[in-house]
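Same order as they appear, the protein sequences are chains E and H.
Heads up, the first sequence is in our numbering, so the first residue is 1 and it goes up one at a time.
Heads up, the second sequence is in our numbering, so the first residue is 1001 and it goes up one at a time.
Hints in this document: simulated from the structure, not taken from any laboratory.
Please read these numbers as outputs of a predicted model, since none were measured by experiment.
No residue lacks a Cβ here, since even glycine has one placed at the ideal position from N, Cα and C.
Be careful, since some hints might not be right.
Chain E side only, calculated, beta carbon under 7 Å to chain H, not exhaustive [said to hold, decoys possible]: (1) Lys157; (2) Leu192; (3) Ile194.
Here are the in silico distance ranges between beta carbons for each label pair [claimed, not checked]: (4) Pro205(E) with Phe1210(H): 33 to 41 Å; (5) Pro1013(H) with Phe80(E): 25 to 33 Å; (6) Arg217(E) with Ile1125(H): 46 to 54 Å; (7) Asn179(E) with Ser1086(H): 16 to 24 Å; (8) Pro205(E) with Ile1125(H): 41 to 49 Å; (9) Trp118(E) with Val1089(H): 40 to 48 Å.
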Amino acid sequence: MTYTSFLADYGSRFVDGALVTAIQFLCSLGLAVLVANLFGLMMLSSNPVLRRAAVGYVEFFRGTSLLVQLFWLFYVLPLFGITLDNFLTGFLAVGLNLGAYGAELVRGAIQSVPRGQWEASYALSMSAAQRMRRIIIPQAFVTMLPAWGNLVIELLKSTALVALIAVPDLMFEARQLNNTTYLSTWTFGTALVIYYVFSRFLITPCMRWTERIMARRIGRA
Amino acid sequence: MQWDFAFTAEILPKMLWATGNTLLAAGMGYAIAAVIGLLFALAQRTPLRILTYITREIVEFIRSTPLVLQIFFVYYVGPEYGLYLSPWVAGMIAIGLHYAAYISEVYRGGIESVPKGQWEACIAINLTTMQTYRRIVLPQALPPSIAGMGNYLISIFKDTPILSVIGVAELMQAANAVGGQNYRYLEPYTMVGVIFLVISLTAARAIRWFEATVRRKLGMQ
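All chains should be modelled from the sequences, with the hints used to inform the complete structure.
Next up, the structure:
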């Protein structure tokens, strides 16, 4: 069997898997961004209860391993009567976990906005919401984008773990094919290359492009 | 679902023993990563352009593909070429290589931070390249790198549960086994979570203290 006939026979499986991976990636990215902003802002809140809750969340999700969280959601939660779909469990675990890492980035970026900017918006008597929306967040956003670039790649890589709770993503398909064909080098090798293409030729250029656009929009380019 | 304390006490010795294996896996993986990472970093500094280029690509490839897939790749591809690896060996190679790619960047930063005058002085007193690295550059580059490498130890620790996919007898694998035998997943998986949380929070404290000490000793701020 040659590699081309292998691809002709099983290529569609890789495409199906890659699609599921892409959808998993987008869903968990959306959730992670939401969680990161919510908890990142909560960590900066003047309300100590909110602040502590956010710190607790971040420490908890960064301190326990993603795989442990995934298995807990999948195997333990049903025991309490909450049964979630595999797909939903997958991106929930990945999104909540990576969101905790993202929250730290959001917090750091907002804190790095120079004091003068805060003071200037007080001087213009902007409301808290206006200050955040028009002055602080746009600058913080540009500051944290490069770090998010790395985090987004980590997120893509993390989605491979959802194969272990039987979400039919790229990793899952590769494993299935390996079990039926025993062509380990080709199956796992192809999957590795697809992940590489995703992160190197899709995600990285997208992030770079966003960085450039945003830097230009706030006049830093 | 009720928490069963008798069952918890019964499986505790098994879980603690497996925790030892997890720590061992993390330590060994880290040691391998630290050595190979240095090789990756040095290979990118040779006058041979092609070697620099190839190493760069390898590092990029490893960093942008999922660890779980790499573990499968190393474990299953060996036998196709007559190389049978035990789960432990395959797992250590995969984790070691994966994190070597990350750690090489830390070393690279350390080496690049050695002032240009030091290199010029080595040329002036006619040291060979070997002598330059061994006696002048690395002793100055490695200690500052150590101050930035602690987080990777915790990352490796949190990635060790992935080794359970090829059957390394670490904590996650023990929890799977115990859960499967007794049809009780609540206690084992929750215990894994708690053990991970305790160890990683403690380790994070210890590492922050260690890095601060190293920085102070080296006169970095």
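To see whether the hints hold, each was checked on the structure:
| no. | hint | result |
| --- | --- | --- |
| 1 | Lys157 | holds, 4 Å |
| 2 | Leu192 | holds, 5 Å |
| 3 | Ile194 | violated, 9 Å |
| 4 | Pro205(E) with Phe1210(H): 33 to 41 Å | holds, 38 Å |
| 5 | Pro1013(H) with Phe80(E): 25 to 33 Å | holds, 27 Å |
| 6 | Arg217(E) with Ile1125(H): 46 to 54 Å | holds, 53 Å |
| 7 | Asn179(E) with Ser1086(H): 16 to 24 Å | holds, 20 Å |
| 8 | Pro205(E) with Ile1125(H): 41 to 49 Å | holds, 46 Å |
| 9 | Trp118(E) with Val1089(H): 40 to 48 Å | violated, 55 Å |
The structure does not agree with the numbered hints 3 and 9 stated previously, though it agrees with the rest.
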